[in-house]
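Visitor: Under numbering that gives the first Met the number 0, the first residue of the sequence shown is numbered 0, with each subsequent residue one higher.
Calculated from the structure, these hints are not laboratory results.
Note that this is a predicted model, so its numbers are computed, not measured.
Backbone N, C-alpha and C fix where the C-beta goes; we use that ideal spot for every residue, glycine too.
A hint or two may mislead.
[To be verified] Ranges between beta-carbon positions, derived for each pair:
#: 1; residue 1: Asn697; residue 2: Gly608; range: 37 to 43 angstroms
#: 2; residue 1: Ala460; residue 2: Asn559; range: 44 to 50 angstroms
#: 3; residue 1: Lys282; residue 2: Glu464; range: 55 to 61 angstroms
#: 4; residue 1: Asn697; residue 2: Asp299; range: 40 to 46 angstroms
[Unchecked claim] In silico EDC-like links for lysine to aspartate or glutamate, alpha-carbon gap of 16 angstroms or less:
#: 5; residue 1: Lys120; residue 2: Glu73
#: 6; residue 1: Lys535; residue 2: Glu548
#: 7; residue 1: Lys350; residue 2: Asp542
#: 8; residue 1: Lys322; residue 2: Asp542
#: 9; residue 1: Lys451; residue 2: Asp540
#: 10; residue 1: Lys423; residue 2: Asp394
#: 11; residue 1: Lys466; residue 2: Glu433
#: 12; residue 1: Lys689; residue 2: Asp586
#: 13; residue 1: Lys294; residue 2: Asp315
#: 14; residue 1: Lys529; residue 2: Glu433
#: 15; residue 1: Lys462; residue 2: Glu487
#: 16; residue 1: Lys515; residue 2: Asp586
#: 17; residue 1: Lys598; residue 2: Asp586
#: 18; residue 1: Lys93; residue 2: Glu41
#: 19; residue 1: Lys339; residue 2: Asp125
#: 20; residue 1: Lys462; residue 2: Asp478
#: 21; residue 1: Lys480; residue 2: Asp498
#: 22; residue 1: Lys691; residue 2: Asp586
#: 23; residue 1: Lys143; residue 2: Glu107
#: 24; residue 1: Lys341; residue 2: Asp125
#: 25; residue 1: Lys427; residue 2: Glu464
#: 26; residue 1: Lys423; residue 2: Glu440
#: 27; residue 1: Lys127; residue 2: Asp540
#: 28; residue 1: Lys350; residue 2: Asp125
#: 29; residue 1: Lys618; residue 2: Asp586
#: 30; residue 1: Lys529; residue 2: Glu440
#: 31; residue 1: Lys254; residue 2: Glu698
#: 32; residue 1: Lys294; residue 2: Glu343
#: 33; residue 1: Lys560; residue 2: Asp276
#: 34; residue 1: Lys689; residue 2: Asp657
#: 35; residue 1: Lys164; residue 2: Glu433
#: 36; residue 1: Lys535; residue 2: Asp510
#: 37; residue 1: Lys116; residue 2: Asp179
#: 38; residue 1: Lys340; residue 2: Asp125
#: 39; residue 1: Lys423; residue 2: Asp533
#: 40; residue 1: Lys93; residue 2: Glu73
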Amino acid sequence: MNKLLYILLLFSGLLAQTEPVKDIHRNSPRVWALSHAMIHTEPGDSIKDGTVIVRDGRIEKVGRYIQIPLDAYEIDMEGANIYAGFIDGWLKVKLDEKIKSPDDHWNEKIRAEYRAKDDLKLKDKDLKALRSIGITAAHVVPEKGIFKGKSDLVVLNENTVSVAKDVSQILEFKTGGWSDKGYPNSLLGVIAVMRQTFLDAEWYRKSLDIIGKYPEENESIPLNPSLAELGDFQTNRRPILFMTREEHGALRSLKIADEFNLNPWLLGSGYEYRRLDKIVNSKPFIIFPLDFPAKPKVTDPYIALQYSTEQLKHWDMAPDNIKKVYDAGLRFSFTSSTLKKKSEFRKNLQKIIDRGLPQDVALAALTTFPAEAMGVGKTLGKIQPGYMANLVVTDGNYFDPKSRITSIWLSGKEYYIAQRHKPKLAGKWNLEIEKKTYDLEFSIPSSYKKDKKLRQAALDANKLEGKLFFGDVTLNLIDLKIYNSTIEFKLKGTLLDQDAMLAFKGQIIKDRISGKVYDGSKKEYTFIAKRTVDVKPIARDKDIASDAELFFPEGAYGLNKALLSPNAVLIDNATLWTCGPKGIVEDWDILFVNGKIDKIAPDISVPMGSALVIDGTGKYVTPGLIDCHSHSAASSINEGAQAVTAEVRIRDVLYADDINIYRQLGGGLTTANVLHGSANPIGGQNAVIKLKWGTGPNELL
């Protein structure tokens, strides 16, 4: 038996052997010293002219005066800035439809046991795009369903290794509408399913505990991995991440989280500023897509009329949202997931910094905030001994739009993004050939001078034109080419005492160009050019924070200040329709205290200043009208995927911003019985609401 076991173990070991190297074996250094850099160890803390020692994928030492190990390969990083690798808070993974567990939940939209990392397959172009903006790790999330599954935090190298497993459960208010035959297909049903599933998970956990204690007295229950996973997340208060599309989605998410004592995270919508006072109470961690509404096309008056005031205000106010969330004391991170062009990430980041978000906070949202939230605060997010060597290297301050990311490091391995030292050629130079001097100038072509963006683009890309001056003669540079640090051009004219076409080829190193001149024969000359005048930087137009006033709700007839809510209100000398035994009485008074009728009489007196007094002369007061069958003030009315949906509740989908509330108040309606629609024999639970304009959904009940 022992001999057989030995043979089996030996055979399994042979099967597990590492595949032999098919190409030239590479043995790159595993110890690096990145010296003479500005090292941003964490938000708000940096080391000038510092050194980072990287050994076997981790940071060994960091400081200004540290001894470089003898076995380290030193790289001079003079002029570079080094940051801890950035974390993208949301990277969606497509579900492999072929993989399906036999123990799935009865509802295919609930798959809390599914792990997104199992299907993670990133294309090279997608990896390069993320790395190009400094992303070294990403929070990968599942794509489909209501309970979508579990997320991981992975390093964006070839192996996409998880540094944090099962970070959060991802939930979405996913509705398919009438075309979706599966239950649920409405917001009403989705919320009911969410609530029921959390209740089921709690029951499942308690049942397993009881069966474990008293196995002989209880029947076993079917295995349900989804409920088991959710029960674990609930019990340990691990993050439950709700996807939101507007502020009401956030309020609904937090209401569910409060009911089941969950640890709520939100995928932000950009609308949080509209109900921030309600959101902040739950202190959710928020992942913000760094994307903003497109600029409205208002130059055409007919197209301009299609925009509502609400849309225009949101375009103006949306970039202020993150600053407002920060001011409210919440933590957050960023994601580039919604951007078609990843190059927009840094531009949008600069926009929110222009509008008041401190740079250190923006850096924290890229590093320490997500790392700490995801449980890897002692592994990622800082440049400190023991931390993973995920680094971002730039040729200037990352938050300076003119700076470039030159490389990133993933677990101690460098990935090149751009040339480390990009020459800046524009300006005036002194050119010397054979002890003769000339004036050389590189400038922006006229085709790029139309606006600041084009001019800056020309400078950044060295798309320039050149001229050579000596005496009264001006020669245009022909076939000017600049590639990395190499420059080539031709000159035709009387130069070097000969009338010929001369070819120049040289290397640019900071403020100096040196190279050779060829005249077509075998003879060659040496030239040196030194910068004499630099080009003044083009001033950037900074984004300005919105000065628009916030209304509740946003849009037509919203309120910019709270309604009066005195403890007592007296309506004096009005005609009252009592709808009771007294019938209609004229010149009577009615006193309200704490929202209820306190007294009705011909003459009511109250102490001065104790009540809001309204002159009712010529006015009529009736009981508030009641609509007994309404479908107003709700974001969803029908759950028609099943014949019986008694579990759905209108109260879960109340929409306090519905303009019908304002209009119906104008007609005298004060109370409404909001009903489920007529999609099925048994719909769902009604909600009797007070029509209160300018409040939140909870205040309607």
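Visitor: Among all the numbered hints in the text so far, which are the ones the structure does not match?
Guide: 1, 5, 6, 11, 12, 16, 18, 21, 22, 27, 28, 35, 37, 40
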